[in-house]
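Undergrad: Below, each chain spelled out in residue letters.
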Amino acid sequence: MKLRSLPAILFLALFFFYPLARILGLTLDTSVFTLDNFLLAWRALSFTFYQAFLSTFLTFLLGLPAAYLFARFDFRGKSLLRAMTAIPFMLPTVVVASSFNALFGPRGWLSFLAPSSTFNFSPFALILLAHVFYNTTIIIRIVGNALTQLDPRLEAAARTLGANPLKVWTHVILPLLRVPLLAAGLLVFLFDFTSFGVILLLGGAKFATLEVEIYIQALQLLDLPMAALLSVIQLLCTLTFSILYSRLSAQMLVPTAPRPSTARRPRTLTEKLYTASIIFLLSSFFVLPLIALPIRSITRLEADRGQRGDVQYGLTMSYYSELFVNRRGSIFYVPPAEAARNSLTYAAATVALSLLLGLPLASALARPGHFERILDPLLMLPLGASAVTLGLGFIVTFNRLLLTSHFSLLSSPLIIPLAHTIIALPFVVRALQPAITSIPERLRHAAATLGASPWRVWQTVDWPILSRAILSAATFAFTVSLGEFGAATLLARPDFPTLPVAIARFLAQPGGLNYGQAMAMSTILMGITLLGILSIEKLRLPGAGEF
Amino acid sequence: MLELRHLSKTYEGKPLLSNVSFTVADGETVCLLGASGSGKSTLLRMIAGLESPESGAICFDGVDLAQTPPHLRDFGLVFQDYALFPHLTVFDNAAFGLKMRDQSKSQIQERAAEVLKLVNLTGFESRKVTELSGGEQQRVALARALAIRPRLLMFDEPLGALDRTLKDQVLDELRHILHETHIPAVYVTHDQEEAFTIADRILLLHNGRIIREGTPAEVWSHPGSAWAAKFLNVGNVVEGVISEKRKVETSFGVVDLRCEHIHAVGEQVGLLLKPSSTGPLKVNARVEDVLFQRDQFKVELAGGLFIHLKEAPKVGEPIQIHFDVECLSNV
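Chains as they are written, first to last, in the numbering used here: chain A, 1116 to 1662; chain B, 209 to 539.
Pulled out of the complex, with its shape left as it was, chain B reads as follows (with noise of 0.2 angstroms):
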């Protein structure tokens, strides 16, 4: 089980990551989402050992880690873009891990050609990485990092460079071999399509602290906070002000809070709107634009809002729609 232990980080002088503590447990897949320049990748070299936290400990079946150097780690690390050697074949990339333990040449060749086959990659063998598309060469990576039986297995952005249609068939096998193996994963990302599709637990970080953490489910149906329903996009975050207790006021009217925070009148704060025949919320809008999105219409109204239906309304209609309404934190 990988532990952290609140972390700390600075980057040239400003916090990079404060205090993010988490575990993972064996066979889970953990995923950390954020936008870029939050700090993900700096805390997945730090698991790695290639850097060092300035505060707080790594720990993996209870054991500090801060004196271990990377090499002794027996974690398996995929780059964003892969980062394979170039001067070596398909086969040297996915044996080098055990050709560092000095393992026996038959050991060798019958591991890596065990990896080989786990990503589908038999027969490309002896071939250069630098002619491989990039969904092999996003295979060979992982079978690079699978090969030395890791402990832990990270991945940095490992889809980014895939298109969309190659990126779902590799997001499926990937989830695939994680449950297959039984390794625990932490995984890193920016997409959040990819984030609900690979993790067990996902973790939202925002300005180097985890401000929500839970089941994509639960991450997608409460996020929390004004800035995580607007980077998930999950509906309509509009501004509100506290008119009186337990009551609010917004563009659309006023209505009941029903929540645990404590406000004062006054206040401003973030409201997520989502659709619901028996909200407490009632909006007239009229039909501005219809957006054809696969298998629904994701209608934008007057005034900012938007839902998504299943049949398109005509530009211009009046419309009437019940929102529920969640106060959400202001992070």
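If we strip away everything but chain A, and leave its shape as in the complex, we get (with noise of 0.2 angstroms):
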């Protein structure tokens, strides 16, 4: 064992696998198991099934056609569109909700340019496309790139067999594509199963699955044991899933060498005509949301107060001028600047701890002895666990553990970069860990022959390679913060919100005034996360792993 990941192990102990356990002991009080209890277990269980299932393969359903046409196609904007597809995995689903609302949402474009057409969508189906949205990628990248491994003589093999394109589909194509195509479902599956802000934000608390359940038990209940049952039959679902799918992955094969990509232009016309209708579709399903919100956030669509009737539309500033001003006079009331500005505070805190506690750590695990070897996949766990849950063992956790007796971490605004920390840490390490592995050890020694002090050869080998990986870290520890909605729903003190809470809490008020506000914080927080992507991919080494 390494001294040095010393520091990190201590914080997961203390904010992660504690917490975990004082929720597992909260179910140990058998006044919980009542059968009101199990009822609603079970519908909010069987919900998250139902819509994990449907979610997935719609987005099979958009997923498959889109993997095969960037496995098998070359046309111009390429990149730029597998680009689009990708950029939703990353977006705050404060941002993601924002998003489908303007574009489909009561106050959204589609049902100002199209009143009471038969576009209107559900709450049920924006959540579902949301998810859509959010996981495409997931296919694209998994059964995307087994479909380019796929040696395509086997399909000329099968046409001059007899085999008629359907058939080669059913018989050759698919069969071999059957361990990618499970993980990809599997993945997105959990995914799904796992979303919490798209389904609170888009649909309310009437469509409650687990996690938004145990939202609602923990915070508007107060019934803190129902929260814990759910949550205790939440990471079982969840670690199933990832076991499941981590055997799936270990199937894979990984290819030795790349095969050269077997991607043409579009010849014949059913080709053309397959290309162009699935660039169509994908554009706009992935460009129409993320452009309506910034439209949105400075279009007036909709009458001012008294003018009911009268309605006014045009360009307008006033949503953004509006965040800095306290129109309510309410103590609780927070600016939603102040709101930035906590969100970048508790980023900027999440960056530090979590390079503070990752650098080491990845070290550490840079070349693993025995004790690394089984501490690897321990640290990973927080990954499984969902953000509400994190928050729940917060709460049940640091409510009662007086640092002083008049300080409880949990009401203090230290409490969401400790979250967050626990959620960005397993990125962090996982940024850093091949960095560091990738600095061979002769090129240190060589340093060293060669007259260079310890400091030295720090200074000249290891931080040109590493600075690179730990400003990735960084931004990505900063993003993930910043976007994250789970846990700080749960932890955000009224009068110390963050940006997507603050962005959540104005969605739900009436008027147009308030929704225009939303939307303009979900642009700003849209553009800082778009930056940070973009950073993110420049600093990438390559040949670093995507997932």
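In short, the hints are calculated from the structure, not lab data.
Note that this is a predicted model, so its numbers are computed, not measured.
Where a beta carbon is used, it is the ideal one built from N, C-alpha and C, also for glycine.
Hints may contain errors.
A few chain A positions that, by computed beta-carbon distances, are all more than 10 angstroms from chain B [said to hold, decoys possible]:
1) L1141
2) L1363
3) L1388
4) F1395
5) V1440
6) L1493
So the derived label-pair ranges between C-beta atoms look like this [said to hold, decoys possible]:
7) B:G221 x A:F1168: 47 to 55 angstroms
8) A:S1553 x B:E401: 46 to 54 angstroms
9) A:L1176 x B:C267: 41 to 49 angstroms
10) A:L1289 x B:D310: 12 to 20 angstroms
11) A:L1195 x B:C267: 41 to 49 angstroms
12) A:R1380 x B:T276: 21 to 29 angstroms
13) B:K518 x A:R1380: 57 to 65 angstroms
14) B:T276 x A:S1399: 33 to 41 angstroms
15) A:A1198 x B:S260: 30 to 38 angstroms
16) B:N328 x A:S1399: 54 to 62 angstroms
17) A:P1221 x B:A274: 52 to 60 angstroms
18) A:P1267 x B:V473: 52 to 60 angstroms
Only pairs whose alpha carbons sit at most 27 angstroms apart, straight line, appear in this in silico BS3-like list of lysine-lysine [said to hold, decoys possible]:
19) B:K490 x B:K455
20) A:K1193 x B:K222
21) B:K522 x B:K482
22) A:K1282 x B:K336
23) B:K313 x B:K336
24) A:K1653 x A:K1193
25) B:K375 x B:K325
26) B:K325 x B:K307
27) B:K307 x A:K1282
28) B:K506 x B:K375
29) B:K222 x A:K1387
30) B:K482 x B:K453
31) B:K307 x B:K336
32) A:K1282 x B:K313
33) B:K490 x B:K438
Both chains come to you apart, so use the hints to assemble them.
TA: Here is the structure:
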């Protein structure tokens, strides 16, 4: 065991495993095992499965043709379109929810441009669409990559042996893609299963998945044992899916030498029609919501107060200027600008904390001994636990743990960066570890024999390579913290909301001005996150993994 | 009978095949021999219907196949590296084409067993193809193509992945099976030994054109062009200049030229020098090196020529050789 991993281990023990244990402990209280509670849990569980199945199915419906398009055809703007489909995966849930709201919601573009049309989407349909929006990229990556690795001559062989194009799919391609299809499906299902922000913001509390029900029980009904019971059910499910997924992905063949691309320009009429329609579908589905949001944030689409029926529309900057004004005079009202400042402070604290813990941990894991090999999968566990469960764990644990008699950690603003560090740490370690491993020991030895002191070795060999990875890890932690919704909504004090929490509050308030401000804040959050994604892409080490 | 008429194809703007025409008669094995990148595989893919020619026609028994998709052509194609279906067993690989034709279970069972017996793979039915050796995989690929009773068999470098001894053995079996089944075949390779062993007729492909056509014996004794002579490694190819009518000057002396070509004085020509006791060109040279080659010795002479001898001379020994001189066209 290497001593330098100790702070991170202690941190995880105190702020992840201990809260989880406390949640488990709460369910030991048998008074929670009532018929009503079981019925409630069963309803939540079955609805969670139902919406996740449906979302996964719809994601395949769009993802498979898209994967085929990217794997088999070349066209202008291909890499741009591919990047566009990947962006949602890293966007904060509030931004996606706001984008869909701005496009399809009751105050959105669609109901403005086509009022009372058949295009009015139900909240449930919006949830499903948002899930497709998030996860299509997973299908494109996993199935698309597998499709690229498939020997094109197998299809040619099947054709010459008498298989028509349909039979080539059913007898050759689909059977060969079985494992990647299952793996991608399982991963999409896992994300849909644990989805929280999208469901709460687009659907509301009546769409009670496990996650939403945990939130309701913990925050609105204050029934912590029931919330804990739901959390344990949730954890068991996600743990099962994660184990299945890692089994499957171990089966996926990792090509030793990547095949040269078989993608080519579409030739026949059918191919041209296919590529054109899928490109159109993808670009509208992935671009429209992200454009609808910023434009909606500077457009007035409804009547002002007291002028009911007299719709005024036009460009306006008022949603942005209102962000700095406290109109309600309520003591719990926090001007959005302050929420943004909170978020930035929390994000900075998360970056500092996760790097402080992550760097020594990553360097210990980069050259693993026996202990580190056991440690490695344990450290990735926070990835599988949902943010809501983490928030619940914090509530259960630090409510009572008084650091001083007047100060409880739960009511301190510090709690959020702590929770975000738990969420960001696995990403930070995964970003740093390959960079550290990539520095050959021989390089350090060479520098040392040439007369460099250990400090100079670090300065001249390690730092130039590491700095990029550190910057990338820091950006990752920053974006994760900035957009995190589940834990923050459970933990943020009313007078210290984060930006996503504030957006959710404004979305829940009536009136066009509140809605407009939510759009404005979401646009700002989207802008910052896009910048983050862009810089991570620029900093990525060539050949470093994606998932 | 397969008939190709004036096929042309470009690849990324450059001509890959230009004006290729040939026929394959029933029971005949035609071998396309050429260096890699000469468009051989593309030609096969066009015959199979996997790609379409830019101009020209492919006919079988007089019917133009332009509108026939690959799965309705009834042509068997054996791929380089075999392209076996990794998710299927040996039996299911062999039965694949029969299944695609919706044959009955008993028909499939019978025919698959028959072709597996033909390629000596009885008993391998339930094995995974990924567990087979290269030679065994090759036989599965052949069985799979034979099972559908194809009207034509095509081979795309089928033995490229096998080692020398296995190659000879499989080649022998393949020849046997082709004669027995009487299926017309197009065989593509860059290996001249393979080509000379299997082919009834050889087509030499160079820069997308057929530059020589004939039986193996004809092609070997009269390669026709400098490129072909060098590619087939038939003998010494040297440069000469026409000094006067019907005479050519080489660095080994002046010789009389007997050919149908019309040459201008001063023109450069390629010449094939073949050792022959009655040849007109007499060369005196010193032995530079002697290489052992199974049943003979390759003797390299000063000046860059070589000959094959049964008895090894000593290095440094002077030697006199008579050569026949054949004029080669400049392709």
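Undergrad: Work down the list of hints and note, for each, if the structure agrees.
TA: Right, here's what the structure says about each hint:
For L1141 of chain A, the non-interface assignment is confirmed: its Cβ lies about 48 angstroms from the closest Cβ of chain B, beyond the 10 angstroms cut-off. The Cβ of L1363 of chain A sits about 16 angstroms from the closest Cβ of chain B, beyond the 10 angstroms cut-off, so the non-interface label holds. Under the 10 angstroms C-beta cut-off, the non-interface status given to L1388 of chain A relative to chain B holds; the minimum distance is some 18 angstroms. Every C-beta of chain B lies more than 10 angstroms from that of F1395 of chain A, the closest at about 27 angstroms, which supports listing it as non-interface.
No beta-carbon of chain B is positioned within 10 angstroms of the beta-carbon of V1440 of chain A; the least distance is around 62 angstroms. A cut-off of 10 angstroms between C-beta atoms confirms that L1493 of chain A is not in contact with chain B; the least separation is 35 angstroms. The given range of 47 to 55 angstroms is respected by G221 of chain B and F1168 of chain A, whose C-beta atoms sit roughly 50 angstroms from each other. Remark: the range hint 46 to 54 angstroms for S1553 of chain A to E401 of chain B is upheld by a beta-carbon distance near 47 angstroms.
The hinted range of 41 to 49 angstroms is satisfied by L1176 of chain A and C267 of chain B, whose Cβ atoms lie roughly 43 angstroms apart. Range check, L1289 of chain A to D310 of chain B: about 19 angstroms between beta-carbon atoms, so the 12 to 20 angstroms window is met. Between L1195 of chain A and C267 of chain B the beta carbons are some 46 angstroms apart, a value that agrees with the proposed interval 41 to 49 angstroms. The hinted range of 21 to 29 angstroms is satisfied by R1380 of chain A and T276 of chain B, whose Cβ atoms lie roughly 24 angstroms apart.
One distance hint, 57 to 65 angstroms for the beta-carbon pair K518 of chain B and R1380 of chain A, holds here, with the actual separation near 59 angstroms. A C-beta distance of roughly 39 angstroms is found between T276 of chain B and S1399 of chain A, which places it inside the suggested range of 33 to 41 angstroms. The beta-carbon spacing between A1198 of chain A and S260 of chain B, approximately 34 angstroms, falls within the hinted interval of 30 to 38 angstroms. Checked against the hint of 54 to 62 angstroms, the pair N328 of chain B and S1399 of chain A passes, with Cβ atoms roughly 58 angstroms apart.
Taken as a hint, the range 52 to 60 angstroms holds for the pair P1221 of chain A and A274 of chain B, whose Cβ atoms sit roughly 57 angstroms apart. The hint said 52 to 60 angstroms for the Cβ distance between P1267 of chain A and V473 of chain B, and at roughly 55 angstroms that hint holds. Restraint check for K490 of chain B and K455 of chain B: satisfied, since their Cα atoms lie roughly 15 angstroms apart, inside the 27 angstroms limit. As the CA atoms of K1193 of chain A and K222 of chain B are separated by approximately 25 angstroms, the hinted pair is consistent with the 27 angstroms bound.
Of the pairs offered as hints, the one joining K522 of chain B and K482 of chain B holds, with about 22 angstroms between alpha carbons and a cut-off of 27 angstroms not exceeded. This hinted pair checks out: K1282 of chain A and K336 of chain B have alpha carbons roughly 22 angstroms apart, not beyond 27 angstroms. At roughly 21 angstroms between alpha-carbon atoms, K313 of chain B and K336 of chain B fall within 27 angstroms of each other, so this suggested pair holds. The hinted pair formed by K1653 of chain A and K1193 of chain A meets the criterion: a straight-line CA distance of about 18 angstroms does not exceed 27 angstroms.
Note on K375 of chain B and K325 of chain B: the hinted pairing holds, with a Cα-Cα distance of about 20 angstroms set against a maximum of 27 angstroms. Among the hinted pairs, K325 of chain B with K307 of chain B is consistent with the structure: their alpha-carbon atoms are about 19 angstroms apart, no more than 27 angstroms. Simply put, K307 of chain B and K1282 of chain A have alpha-carbon atoms about 10 angstroms apart, close enough for the 27 angstroms limit, and the pair holds. Straight-line distance between C-alpha atoms of K506 of chain B and K375 of chain B comes to about 24 angstroms, which keeps the hinted pair within the 27 angstroms bound.
At most 27 angstroms may separate the alpha-carbon atoms for a hinted pair to count; K222 of chain B and K1387 of chain A meet this at roughly 24 angstroms. Distance restraint check for K482 of chain B and K453 of chain B: the Cα-Cα separation of roughly 22 angstroms lies within the 27 angstroms cut-off, and the hinted pair is therefore satisfied. The suggested pairing of K307 of chain B with K336 of chain B holds, with an alpha-carbon distance near 18 angstroms, which does not exceed 27 angstroms. Restraint check for K1282 of chain A and K313 of chain B: the C-alpha separation of about 18 angstroms stays at or below 27 angstroms, so the hint holds.
This hinted pair checks out: K490 of chain B and K438 of chain B have alpha carbons roughly 22 angstroms apart, not beyond 27 angstroms.
Hint compliance for this structure: every hint is met.
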